[in-house]
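Fit chain E to the given chain X structure using the hints.
Line by line, the protein sequences are chains X and E. Counting in this note's numbering, the first sequence runs from 1 upward without gaps. Counting in this note's numbering, the second sequence runs from 1 upward without gaps.
Keep in mind the hints are simulated off the structure, nothing from the lab. Honestly, I wouldn't trust all of these hints.
The calculated label-pair distances, taken between Cβ atoms and stated as ranges, are [claimed, not checked]:
(1) X:Ala17 / E:Ala292: 14 to 24 angstroms
(2) X:Pro35 / E:Ala339: 18 to 28 angstroms
(3) X:Ala17 / E:Glu28: 53 to 63 angstroms
(4) X:Arg64 / E:Asp61: 33 to 43 angstroms
(5) E:Ala466 / X:Ala16: 54 to 64 angstroms
C-beta atoms are modelled at their ideal positions from N, C-alpha and C, and glycine is treated no differently.
The lines below spell out each chain.
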Amino acid sequence: MPDEVAAERIAALAAAARVPLEVASAARVARSVTPTVGRLADAPIEFPFETEPASFVVVQQRERNR
Amino acid sequence: MTPVAARAVKIAEPAQLTLTDLAAAIRERRLSSVEVTRSLLERIERWQPALNAFVSIEAEDALAAARASDEALARGQARGPLHGVPLAHKDMYYSAGKPAGCGSKVREGWIAPATATAVGRLEAAGSFRLGALHMAEFAYGPTGHNSHLGNACNPWDRQRVTGGSSSGSGAAVAARLVPAALGSDTGGSIRLPAHFCGVTGFKPTNNRVSRANAMPLSFTLDTVGPLAQTAEDCALILATIAGPDPLDPTTAAAPSWNEARAAVSPKGLKIGVPTRFYVDDLEPDVAAALDATIKTLESLGARVIKVDLPDQTRVSAAALVVLAVEATSYHAPWLRTRAADYGPQVHARLENGLAYSAVEYLEALRWRGPALAAHLEALGDVDVVLAPASRAAAPTIAETDVGGGPSAEAVIVALTRFMRPVNYLGLPVLSVPAGQSKQNLPIGMQLIGRPFGDELLAALGVAFQAATDHHARMPTLP
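Bound conformation, chain X alone (with noise of 0.2 angstroms):
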């Protein structure tokens, strides 16, 4: 992800959702969403290659019995 969010990417993603978007709100949600995106861009998020978001649900459950 780049360090920073362009408006116009704001603004196609908000095209693709077929949700209205001003001009100027694109570029209010880009300088929002800057810091959260430049954070995880800080470095890749890694994990195995068969993590799937269920897999958050095996790790919660081997704590059950703890």
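Relative to chain X, chain E alone:
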């Protein structure tokens, strides 16, 4: 613990009793349900104009339910451990045939077709509905501001925020307008009001309590839990609502409440205090409360050590992505057709959810298991992590009244800084009152457990509150 009867005689109004004591007093017919309901309604009449904690007060229906409860008890027909207890919940828990506005204009006047499983279980245990409580619009705000309903106010200082999104639940329990209330916690919405209002809040392990027929915000992160005066009260609520529910498949493997585990001694427990993040940049009053809590836990026989947790800022960022995308997904149909009916801050936050691609969202979601595994590895054999709920006590309504303006996201992120990692990792957390600021405002501490360690937190909270009296402090109406 002091015996119930001894505690009760010190309290002038039934409304001031804890949930546990109130339920026992009704069950043992030392108080009638009607007396309790009238006491709460009288208190609500005095406080509601100052706090705006309720969105509806159903006095006549509640008194009728109280009379029916008393008559049933006289016939020897107690329904359960909450027999005759009036409760009110955040206005996002559906009750069939009742309105559930969810703090919004979009759902104003909407009538729920079914009852939330959590509410149904509380009512099956004998409780009944007193009304519905204020909340942030669609549970998407950490302060208690609401541009449709007006702001909820903090009973300790009406110029200050209650915390959100369970704003009415925090304010009403603090002012003793209800003995307990359900809140919901997706990014701190139980723990922030508990901290700012000086009550006890319990965010259970994710997938432990059914979310069926409760308004959704994020299907990955949403949790249902109580706010009450004490950890003992929260445990009573969780014992009633936890466990599998066919209407919420995420609870399929949820254990029911284990009373034996909730009664263990804190002696020998290992408590971890983070070396960074949760202890950075604390206001002096909060730092002092943390130190005092450590000393109390040590005096109870717990062993307090330092713990070096994985980078919480990345965990927090992943939580933001998941929350933002899922919330916007729920609201996309209304964003297309009724955008003007949202308040400016919620509208702006929902627009933020458009910013992430499907790949970014799914990476954040897939990382959740590995992130929890890394957290547990860092904990080693630590049972509970102790951390402040926030770096400061309640800010003013004015200084956090940023609407959807350019500083809104920064204010929200700052307020919820110590909240979000726990939601992402799905951990149970008990928030307990643990001190006061120089302005006499409550300060809360989080006891963060391991997955399904909810009962251990309850046990630790009960022991902590037997050794302290922060939870017993009560605001007065000016």
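For each hint, the structure was consulted:
The supplied range of 14 to 24 angstroms is broken by alanine 17 of chain X and alanine 292 of chain E, whose beta-carbon atoms lie about 49 angstroms from each other. Distance hint check for proline 35 of chain X and alanine 339 of chain E: the Cβ-Cβ separation is about 25 angstroms, which falls inside the suggested range of 18 to 28 angstroms. Distance hint check for alanine 17 of chain X and glutamate 28 of chain E: the Cβ-Cβ separation is about 57 angstroms, which falls inside the suggested range of 53 to 63 angstroms. Between arginine 64 of chain X and aspartate 61 of chain E, the C-beta spacing of about 41 angstroms keeps the proposed range 33 to 43 angstroms intact.
Remark: the range hint 54 to 64 angstroms for alanine 466 of chain E to alanine 16 of chain X is upheld by a beta-carbon distance near 56 angstroms.
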